[in-house]
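Undergrad: Order-wise, the sequence lines are chains A and B.
Each residue of the first sequence is one higher than the last, beginning at 1 in the working numbering.
Each residue of the second sequence is one higher than the last, beginning at 1001 in the working numbering.
Note that these hints are calculated values from the structure, not bench results.
A hint or two may mislead.
The calculated DMTMM-like cross-link candidates involving lysine to aspartate or glutamate, where the alpha carbons are at most 25 Å apart (straight line), are [unchecked claim]:
hint	chain 1	residue 1	chain 2	residue 2
1	A	K91	B	D1094
2	A	K92	B	E1089
3	A	K91	A	D25
4	A	K91	B	D1058
5	A	K92	A	D25
None of these values were measured; they are calculated from a predicted model.
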Amino acid sequence: MSEDIVFWVLAVLAVAAGVMVFRFDSMARATYALLLSLLCVGGEVLLLGLDYLGVVIVLMMTLEMAIMAVFMVMYMMNPAGLMPMSMLHNKKGAAVICVSVFAALASGVLLARWPARRGGPPTDPTMSLGMSLMGPQMLTMVTLGMALFATIVSTVVLATRRGRYDRFGDDLRTRPADDPVPGGGGR
Amino acid sequence: MSLDLLLLLAAALFSIGLFGALTQQSIVMLMMGLELMLGGIIVGASAIWHYITPDTADGQVLVVLAVTVMAVEMAVGFAVVTALFRTREVDMTDMAAELRE
């Protein structure tokens, strides 16, 4: 019974906050609404018995939204929302697409004959996740590691203003380096 | 609380996120829509784990995958916004349409 109440509170909060993300004028409010929505998602995961993953989601979302708020202020033309303006395009088409996607998903959820529950949850789901990632799902883990490494490299490449090819030419042989402001010692 | 209700919640979050990703002009807001969609996927994966296959850890691995996709999406998204803004002062999706021509 208490589980049901917690589920409904979290579910309603998650959906309501998700809607408010795109209705607030102020970017700070939108970010916090998204944070609330994703924290409720983490709460639902905790409620389902996945303690480790739920806590990971809660911690990660808190940090991620803090970073997102900084980028919001940097890149949005109207971050405070003091001059309310519409930043939407193709609202009608998108609404039609989203309602039909939700209808398709919901009918699938309600009409599909879901298989019966197989076995019970292990006494320690975190342990079974770890054993799985270090055993049969090792390929997944390795792929995720490579993807994260590729992300680090590509973000640095994309975010660098002037890399070595800009400074030393295509063959990296230009000396001294072609800098807008020359460094000390003529280098 | 049941599998149907949790999957409906996941579908609702996914659809709201899709609406945001399709309508928002600002690239940062578009990424918030993508995050909501991934949040829906997390709810769905954990519900499937809890109600259908709690004896294997595959559902949990799917949640780990979704969380990683979230992190990668944020990092690469902001790097692309930074690169776009550096080269052409663009922060809106409609202005970044060079490939259209």
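Undergrad: Please go over all the hints and tell whether each is borne out by the structure.
TA: How the hints compare with the structure:
A threshold of 25 Å between alpha carbons decides the hint, and for K91 of chain A with D1094 of chain B the separation of about 14 Å falls inside it, so the pair holds. With a C-alpha separation of about 29 Å, the suggested pairing of K92 of chain A with E1089 of chain B is violated against the 25 Å cut-off. For a cut-off of 25 Å, the pair hint linking K91 of chain A to D25 of chain A stands: about 16 Å separates their Cα positions. For a cut-off of 25 Å, the pair hint linking K91 of chain A to D1058 of chain B is broken: about 37 Å separates their Cα positions.
Restraint check for K92 of chain A and D25 of chain A: satisfied, since their Cα atoms lie roughly 20 Å apart, inside the 25 Å limit.
Consistency note: the structure conflicts with the earlier hints numbered 2, 4.
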